[in-house]
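Those protein sequence lines, which keep their order, are chains X and S.
Position 14 of the first sequence, counting from 1, maps to 14 under our numbering, and the rest follow consecutively.
Position 131 of the second sequence, counting from 1, maps to 406 under our numbering, and the rest follow consecutively.
Hints were generated in silico from the structure; no laboratory data involved.
We put the beta carbon where it would ideally sit given N, CA and C, even for glycine.
Just so you know, not all the hints are guaranteed correct.
As the list claims (entries may be wrong) - Heads up, incomplete: computed chain X residues facing chain S, CB under 7 Å, no partners named: (1) T15; (2) Q79; (3) V116; (4) Q171; (5) G211; (6) S214; (7) V249.
The lines below spell out each chain.
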Amino acid sequence: MVLIIVGLVAYPFFTAFMMSMSDQFVGPGYKGFVGLKHYLALPSDFVFRKAISNTFVWAFLSVVFKLGLGMLLALTLNQKFPGANLAKSLVLLPWVIPTPITSLVWLWILNDMFGVLNFMLLKAGLIGAPIAWLGSGGLALLSVVSVNIWRGTPFFALSLLAGLKNIPEAQYEAATIDGAGKLQSFLFVTLPNLTYVILIASLLEAIWSLGDFSIVYIMTKGGPAGATHLISTLSYEVGFLGGNLGRAVAVSLYPLPVIALLIVAVTYFMERGRE
Amino acid sequence: MSGAQRASTGRISRILLLYVPLTLFLLWAMFPVYWMLITAIKPDAELTSARGNPLWVAAPTLKNLTGLFGETNFPIWFRNSALVSVLTTLLSVVVSSLAAYSLARLRFRGRWLISRGVLFSYLVPRTILFIPLFSILQFLRLTDSLAGLVVSYLTFMVPFCTWLLVGYFASVPKEVEECGLIDGCTRAQVLFRITVPMAAPGIITATLFSFTLSWNEFLYPLVFNTSSLRQVVPVGISDLQYGDVIIWGKIMAAGVVFSLPLILVYYPIQRYLVGGMTAGAVKG
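I would like the entire structure built from these sequences, with the hints used as guidance.
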């Protein structure tokens, strides 16, 4: 049985490698071995290069901001105040709403004609004319990344909060006696205690965000003009709108060395943590 | 107590360090949800009118909701989502429990390799596997069917649940099981009367995560299923946006209806879940 499970992934993996070296188009059957043709052709493709850099920008910003904001949120929630449990439930909302729904809600908020964000910014006098949030390259990428950050911050915050609760109070007392201020307590007591949680959560987030698909697909389909394509959305477009499955698999396999490295790292730390 | 110390540093620092960030975070987290709710009960005319206050609704209506159920395929998508998610969850939890138990208890050659493989399988992004899976499903004649979705979801849910459950089963002391065996239980009785109840928190966590993962899944149904009648909610409603320009009311109503099961299921046992996630994914 366990072999079946592993086979469920190992076999598609094998198929993936075979397909990426073929000229297979939509339709059954294996067609034409072409060796490394796709792998060699891709680097000179402008849209592909853009998708690669977008994917890494996307992953980097996701990890950094989810971790940073998650830490701020966790430190905020770790204080004692009336209604703390209610607040915890409410900030969890972005994580509970299904991601495809989240993407649609933000698509509507960012709508350039009737979107509420432009309305509020215009009313506040912060902008003079409506902004097409998803209309121009760099801004569109930042817009979709910020949706991913909105969605994922609560998970980081709650993981870190669980870590914060485990830090013995005595360590803070000792630090205070030694004359440490708030910042020093955070740097020398809080952070060292959270190293493991931060490490695992960041590695997992990096792996997951290198494979993200639905937010970008729903909000921009990789547009305008390929400016927000991730490797995943480009692979979908090449394979199912362009029909070239072989090339599409090659696209999706390109970042595999980085992903594999991250997976090895995270499994290593997790197995060590389990013992 | 750090709480007491902080309070003594004065009200201003408490406002700056607690109430300001708290308010900002709450606004940030809740506004889009509020916006979804308010849009869902707005008449179309209000959605695009330049007059009036868009943050409020002048004439609340249920027309979006009734239209969603009456004029679109939403009821069918919802049924499909429910069917696929429930079936996948049941199958993956049962299969994973057995697999996890054997990994946690039985000693056999290659155990280490397999448990590593299970974790790997879960972590490999689905965006790498969707095209080969598509051609496999095509070969099995399972594309454009709900059964195909169940099969494809299992490929990532079983590894995840197995990995999560191994930790829980391993935490059940072996001695308790041996007592059961001495008292005359069979191996199966030990499993179902002693080990499973003791690993219950893990099984509940795995169930909830499986359900959520399949409820949210977007890529596989988008790629594998083409006809609208065999589609699930996430893909179905994101196609709605291209049909008509001003159907945001209906889309947001669909969002509310589709989020409700997760909100109803999650909130009562939220603590359980975060604990489970940190135990499984973060604490190891």
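So, going through the hints one by one against the coordinates:
At about 4 Å, the closest approach between the beta carbon of X/T15 and any beta carbon in chain S falls short of 7 Å, and the interface hint on this residue holds. Given the 7 Å rule on beta carbons, the hint for X/Q79 holds: about 5 Å separates it from the nearest Cβ of chain S. The criterion of a C-beta within 7 Å of any C-beta in chain S is met by X/V116, whose closest approach is roughly 6 Å, and the hint holds. Hint status for X/Q171: violated, given a least beta-carbon distance of 10 Å to chain S, over 7 Å.
Because the smallest distance between the Cβ of X/G211 and any Cβ of chain S comes to about 2 Å, under 7 Å, the interface hint for this residue holds. Satisfaction of the interface hint for X/S214 is found here, the shortest Cβ-Cβ separation to chain S being roughly 4 Å, below the 7 Å cut-off. Because the smallest distance between the Cβ of X/V249 and any Cβ of chain S comes to about 5 Å, under 7 Å, the interface hint for this residue holds.
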